[in-house]
Amino acid sequence: MTPVLEIDDLRITYRGSRGEVPAVRGISMSLEPGDTLGLAGESGCGKSTVAGAILRLLPRETQVTGRIVLDGDDVLTMSFGKLRAVRWAGASIVFQGAMHSLNPVHRIARQIAEPIVLHEGLSSDAAEKRAVELMAQVGLPAWRASSYPHQLSGGQRQRVMIAMALACSPQLIIADEATTALDVMIQAQVLALIKRLVAERNIALVMISHDLSVLADTCDRLAVMYAGKLVEDGPSHEVFAAARHPYAQALSAAFPTVGDPAERRNPHGLAGDPPDPSNLPTGCSFHPRCPVVRDDCASTSVELRRARDDWRAACLRVEEVA
Amino acid sequence: MRTEPQPGSMSGSTNVTTELKSPRSIVWARRRASLADFWRLYRRQRAGMVGLAILVVITLLTVLAPWYTDESELNAANAPGGRMESPSTEFWFGTDQIGRPILTMVIWGARVSLQVGLVAAVLAVTLGTVIGMAAAHFGGWISWALMRLTDWFIVLPSLVLAIALVIALGPSKLTIIIAIALTSWAGTARLVRAQTMAIEGRPYLERARALGAGNWHQMTRHVLPNLMPLVLASATLQVSSAILAEASLSFLGLGDPSAFSWGGILERAFDAGAISAGAWWYMLPPGLAILLVVLAFTLCGRAMEVVLNPRLRGNQ
Amino acid sequence: MSGDGTSAQSGRRSEERAQSSAEQTRSGARPDNMSDTRNGARTGTMNHDAKPLLSARDLAVRFNAPGGRVARAVDGVDIDLAPGEILALAGESGCGKTTLARTLLGLERPSEGTVAFGGSPLRYSTRALKAYRRAVQLVLQDPSGALNPRHTVYDAVAEGLRIHGIHDNERERVADALSRAGLRPPEKFFLTYPHELSGGQRQRVVIAGALVLEPQVIIADEPVASLDASVRGEILALLLRLRDELGLAAIVVTHDLGLAWNIADRIAVMYLGRIVEEGPVDRVLTEPRHPYTQALVSVLPNSPLPEPVVLTGEPPDATAVPGGCRFHPRCQVLAGGLAEQAGVDDECRRSDVALGTDHIACHYARTMSTATT
Amino acid sequence: AHASDDGSTTLVVGKVGLNDIPHMNPLDSGWVVQGEFNNLMYDPLIRWGQEDYVPAPGLAESWEVSDDELTWTYHIDPDATWSDGQPVTANDAKFTFELLQTNELFNSRHGDLVDLMTSIEAPDEQTLVITTEEPNAILNHMNNIPIMPEHVWGEMENPDEYTGEPGQPTSGPFELAEYSPGQRVVLTANPDYWDGPVAYDELIFQSYETTEAAVQALQQGEIDFLDGLNPEQAGALEQNEDITVSVQPSRHLENISFNMGARTKDGQEFGDGHPALQDPAVRQAIHHVVDKQRLVDVILDGNGTPGVSWVAPIFTEHFWDPGEDAFEVSADAGNQLLDDAGYTERTDAGIRIDPESGEPLSFRLFYHSDRPTYADIQDFLVEWVAELDIELEPIPMETTPLNEETDAGNYDIAFGGWNYGPDPSQDLAYLTCDRLPDEPEPTDLTFDFYCNDEVDALWLQQLQATDPAERAEAVKEIQRIVYQDSPQIILYYDHAIEAYSNDWTGFGMLPSSGGAIAKQQAAYGYAQAVPADAADESSGDDEGDAAGDDGGAGADGDDAAASSDDDGGSNTGLIVGIVIAAVVVIGGVVFLMRRRSTAEERE
Amino acid sequence: MGNLSTTPPSVSPSGGAGGGDDAGYSAGTTPPGGVHRSAARRELWRFLAGRVSGAVVSMLLVLLSAFFIFRVIGGDPVRAVGGDSPMTPEQRAEIEERLGLNEPLRVQFWEYVKDVFTLDWGQSYVSSAQVTDLMWDRLPNTLLLTGTALILAAGLGVWIGARAGWRQGSTFEKTQVGISLTLWSAPTFWLGMIVIIVFSVRLDLFPVNGMRSARGGDQDFLPDLLDVAHHLVLPACTMAAVIYAQYVLIMRSSILEERGNDYLTVAKAKGLRDDVVRRRHAVPNALLPTVTLIALQFGAIFNGALLTETIFSWPGLGLLFYQAIKIPDIPLLQVLFIFFAGTTILANMLADIIYRFLDPRVRRSA
Ligand SMILES: Nc1ncnc2c1ncn2[C@@H]1O[C@H](COP(=O)(O)OP(=O)(O)OP(=O)(O)O)[C@@H](O)[C@H]1O
Ligand SMILES: Nc1ncnc2c1ncn2[C@@H]1O[C@H](COP(=O)(O)OP(=O)(O)OP(=O)(O)O)[C@@H](O)[C@H]1O
Ligand SMILES: [Mg+2]
Ligand SMILES: [Mg+2]
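Protein chains in written order, with this note's numbering: chain A, 1 to 322; chain B, 323 to 638; chain C, 639 to 1011; chain D, 1012 to 1614; chain E, 1615 to 1980.
These are computed hints drawn from the structure, not numbers from a lab. Check the hints yourself; a few may be wrong.
The list that follows gives simulated cross-link-like pairs (lysine-lysine, DSSO-like), each with its CA atoms no further than 30 Å apart [what the hints assert, rightly or not]: (1) E:K1940 to D:K1530; (2) A:K82 to A:K129; (3) B:K495 to E:K1940; (4) E:K1940 to E:K1728; (5) D:K1487 to D:K1530; (6) D:K1487 to D:K1276.
With the hints as extra help, turn the sequences into a complete structure.
Spelled out as structure tokens, the structure:
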């Protein structure tokens, strides 16, 4: 099967008032239809940057190198006209803050219908009819179609975003922190919905979150990023339970399992501060915080190493740990 | 508008001194540092630097005026030139109908215009800040009444009101200042009120309250210092409106007749028939001077706003 | 309230659950670099018989909401905090946790009921409040916002001392508080501004600012919610250590049950302004008895409960508290017919229920427990 | 001239200050502009003669006084008619004077004339007989009071509420056609004017806010005539070959006045004037240093004559020329005067001290803040007076408070201006002791509380002198005394600077030997105007009395080169404007289209 | 000059141009529609009542101040009515009585209040016409001038401002902002003078001032229209220039504020063209706060009208005010002041209300 998405050595450098910020420093991955990938990592490690790069949504002056092949074409080089055709129809994004991702002055049906009109050339009436169907699929009653975003609750808004993402039947959906701001109960609802829809439609899903436990629950594969690089990439439950990279381990330990006596009155954290992307440590960028650091960590730059067939980690001690 | 220094943008000052100093010197060192940071960011604003340069030059020209011009030339009895002379090497901007050099008039006019502009702006901003803070802080009917008053002043055609005030009080520098201040504080008050409410909603005020801080502590230690940059920027912008207002009032014949303000010069030019006489040298310099100074203050104020509100900074 | 009952019924949870036993072994692989302060020997210090340090009786707080409605943010809460105890306050967004915490701090005046500290009821004169606030301190959710960006760390920590007119040894006190909060050497941080610190460090500064007044109680509102996952544990460890070292009691407001599991001795679960279940963390989170608690626990990843119960509908609205048991419109026990079987369905719909001596506010659970005893 | 489509000609006069006038009631007019309109519409019994202000026939073709100088008989011109065709009769005059006597409002305006009249009789249609108790020279010219038609005004219930109604019958050369307050007044020529109709059809007074605006309008051909120019505007207009500038002596003067000690008739003092100013030596010393010629040169650019006393030089019959007696411009002379008068002590700052009060000679000088000229003159005065070791402290003030202060005697020296009227008794009355207030209250009826028995006697003498020569003698003597005494220093008589389009000629000056066209107390100015082309055609023709060109200011040689191509100019402007707009719109559309096409590829 | 204390051209509409809190919208938790219909309606009424009562209070304040401000003005109405010849004390007293100036202030005030509520606004001191008639006479002229200027300025300003804000940092933006700031900094009256010199005096393209040619007489409709249009060009452009500058700056900063919003990224991600994103998503959203700000600037427009009408002798309300204040014609001043202030208050109130209906985001919180 041809991969829906293939990313090859993606490097992204922001240029702004703070100088150059290498937000993503060489990432490769590939997704086939039906694949679900969880992308985790702490704030500022570059998760959203990757998501934005897939649809070329980053600020114009950002420097992007490498390849992002979406459905056979390289997003980074394609003409703008083609790119617009790929956007939403090829891949769509569910953004983090639904309140801010919906235009407050347009009715939601219209917003869902907008890409349909654009990409499928339907009349807006027909498109809105489709929008109502889509809303039904995400569990929103038809009368909601004429609501404005502020009249919906957070969970409902997030469902509107999901309906919108499904509008043009893309092969890939990127959900960037789609549930982070939601209440536990709503989060559970929305996650269930995403899982169901992805499974039904055989859509590839990239799900971005900092909550490893959520990702482990939703996705088949789990990738952990640190300072613009993938540090671990493997089957989600195994990574969550026994990560190879010390950072991934710390991350998964930060989400205690309720009922696990070992974690009772025993919070785990990682000492030290998250790295400043414009001023990264040498060698393995995690080494200043690493609990199992070795002498050569500070000098050797580490790429992903194969830990198992379907499991890679970027640590000098990867074999050791395994 | 966000007024906090931006994390990361201040990366120049992350090196932490371990040396022990008295808290006071710590504070001063930090103030200097943040001023330097402000300056560093401000320097990047090209328009703001241009405005600042203009202001510096004009301030110098104004302050040094007694050393390189002769004020007595402005006395009709001592007017050195002929009637309505066009620009020449002797009189760069020509002369007026009495023979006074326009250049000298404009230079000395700067004193009046700037003085009125600055003092009126300071008064207006002070008044606006006090009222805005009070309206935000006290709530209840005080706040309601103050806001009504503020809205009222915002809504009213200020020039109309200022004219009425000046006529009622009799035209003089002081009354013009008062009239301008009274008719222009409301914008600041509204701004300050919004900002104060924003600051009051910040968690650090909640923390201060939880620590047992009273109103005075909250206002002086937290609200006011955080308000200052905004107030400063707004004051800078206020100066330009005040200068324009003074010019308008003077032009309408409500200026201080014994002083040559720029608006007053224009009024004289107009009365003396400079338009008919084609005496462009009589009208252009004071008008351009107003334009330049107002523009300079505006550029500075906007640059300050941009520095204080990174959202406006865009990608440069 | 949205009537969209079509809302996502959770699909079957796949076989992941089977693996949970495997996961529990992973603690062995975890670097245990912080275990020095936490010896497993310590048992819960929760002590119900001890005289409560901080307590609230029949507490109610109402707000005027837009449109002339009244938000019953807190609605009849009884709560006790023993010395040296860590109490977690959990519940959905908008259920009144923050309001309750603020009322306990005296930042909000209760519409009804009393807050008592050390047995004497709280008075709301300026002076009494000021004195009270030396003993009870607040730690806020967002450390970036809780520190005035214009004040140095030193100023921020010393602020409490200055407010309370404690001028002797200011420097030592500040240094001491900072090092207790884990910022060592403290002098290194005196001159820093908050924006030069990482999120975790900022939260430590906030905690130091509370510690400097040597309080007996800390009330922390979502103390780690805005922090990165990796630093979260550190702050929680700090709270635990402070309890051990200084005997500090704490109320930790959170919506994250994992956090409660991590540090709390006791947990109170709130729903719509009322505590619906309360008890030792080990019991409440492993064997929840209130249907709401059960649902909360069940949707946790790797939940100790077998079947996830995803409640439909939206978070409840404090301006429209339903009659009867306030949870009944969403109650899965009622909807699933269990309540009917127990014959309490009518009661659920009609009569309000408060937290009793059994530490639970549920008609069904009450009948069941009386039935079993 | 501007012929509009229907071939009628219109004279358009620009007016600054038109919005001052409240209404067009001819009997209740306090403004000079209102007087202008009255003169154009309503003839008085007796006019001011155009040649030299000597009373000349108006509606009355002749008049005489009885030997006891108490009974005056006026003979109404039998040709005089109202514009509706009714004859003007003695009854109209009787009606008018009686109305002025009885109507409170009108009486407050004209009381000084009509209150003298003990009886008003109209023995026949053409004869009016008026008797007075005392002889009074005023009846020799009747003060230019308009006569109203009894057949219309007699019907009015409240004549004082009349505000000017188009189409009313008039006895003058014009009728009112339109009155838009503050905007314009349109008069149409009375074609059957009994004294000879004017040479055009319509006279429009167009309001302008500022003289500058009006000057531009004149340049553009919007208007034909404008008065009240300043030297710069005159200079600019002289460059325009389609425009003639007329600079002629006027009856306006500027002065500074000294507080002569505010007091009531019985000598009760009030106000806060400096006592030293009551000493003639101080005033004369100051008079010595005021270089009036310099002011004329610098301030007026030479368009004026140095001031002497209250009577303006155009009133040749009454003007007194000081000749040898003039104050020599000399600081030495002034200082000598002061030294002789005992002002020898000086303060530390070198200011002379008044030996009587012990006060330094430091005077407040009030000037009007809205008059830039005063601000400039004030500079000179300060400088000059300083040479006498006297200090002036200039204080600018709004006109109203300034008037309030001076009326209340709270000043030392103040600026002022005056339009001297043709009748000396009216204006010189301000110098009589009779004008001092009864109570210590503010008054604006006296010139600086001046009171001099000699002047009083002379004033009465001129008032009752029905013989003009005798009268002139007294009037001149008053001026001499006042000049010497210097309660005021008349700085200069400024010239009227007026300009008109060369499409017009023949504007009547008053006096014809050289005087202003606008703001006359007669209708000559506009009524004698003739469209230039018409004047060319009819240069040999007879001309009516009113249109006599003896006072014509128009240079006959000027040809009316300026045809009405300014209309073409404004149309050009419109067309250019439309073209520019079109270009902008088209450009915008093109720009948009271009954008649309590239937007496809734009990110 | 529309500048007197109009807000300086601040870049941040949330603060700078005032209205921050009013124009803002809170994203707070909102009850889902449907259930709280009646509550929402109640809230709406409450909102309307609040707005209207606020306006009424402001209006009362205006009525009150109109009396006092113009009563203390130092002018001498008696002289204004009497003319420039001197008056006897009797004459003065007579005029004072006629104008009702001899009564104690208290009585005058009650008379005033009575008149205000019986809608008897009195006669002008100068022309004895009813002041309201004078005002209605001039109103259409002012409407014509300000309306033209407003349409010109708002249309162009909003359009240019939106583009400038959208393409921040581009040459286009820089030049437009430069032009706007310069225009804003120029005193209106001076701009008017320059415009007159250049376009009327030197180029002779347009008439100097006034609204109709003096010698026009009664014209037919079309020539009259052209005549008025011809006179309108310069004053309208001058007035528009300054307001235009403000609108460009306001619109630009509204767009700048808008630009950071995620839904624009979403719109872009949907594949919409850049200018469609701007037109469909950014501009309408930015327009709403701009409209309130514009309503707030209404008073400033009258400032501009006052100066422009004075310089160009445009026979509108501004000129009438200027004329009246020189006299001073107190009843006329009062009615004009009340009219100016009342219009602005009304405009603001309406803008607030319309805003609420137009913008679904606006949720007022207590
Ligand atoms: N427009 C930009 N200009 C410059 N730097 C940027 C820009 N956007 C993001 N960055 C920087 O790039 C890095 C990666 O940002 P990104 O938003 O991808 O992180 P993230 O992993 O999504 O974080 P979060 O969990 O907080 O959403 C951060 O250090 C951020 O500061
Ligand atoms: N000042 C206030 N005015 C009006 N209503 C308020 C106010 N503060 C809180 N409320 C309402 O009271 C209820 C409880 O709010 P509270 O902030 O205590 O909830 P919470 O449990 O802390 O929620 P979260 O988890 O989102 O912080 C909410 O419905 C809220 O809208
Ligand atoms: Mg992100
Ligand atoms: Mg909360």
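Here is how each hint holds up against the structure:
1. E:K1940 to D:K1530: 22 Å, holds
2. A:K82 to A:K129: Status holds; Cα separation ~27 Å.
3. B:K495 to E:K1940: 20 Å, holds
4. E:K1940 to E:K1728: 27 Å, holds
5. D:K1487 to D:K1530: Satisfied, since the Cα-Cα distance of roughly 25 Å is no more than 30 Å.
6. D:K1487 to D:K1276: Distance of about 26 Å is within 30 Å: holds.
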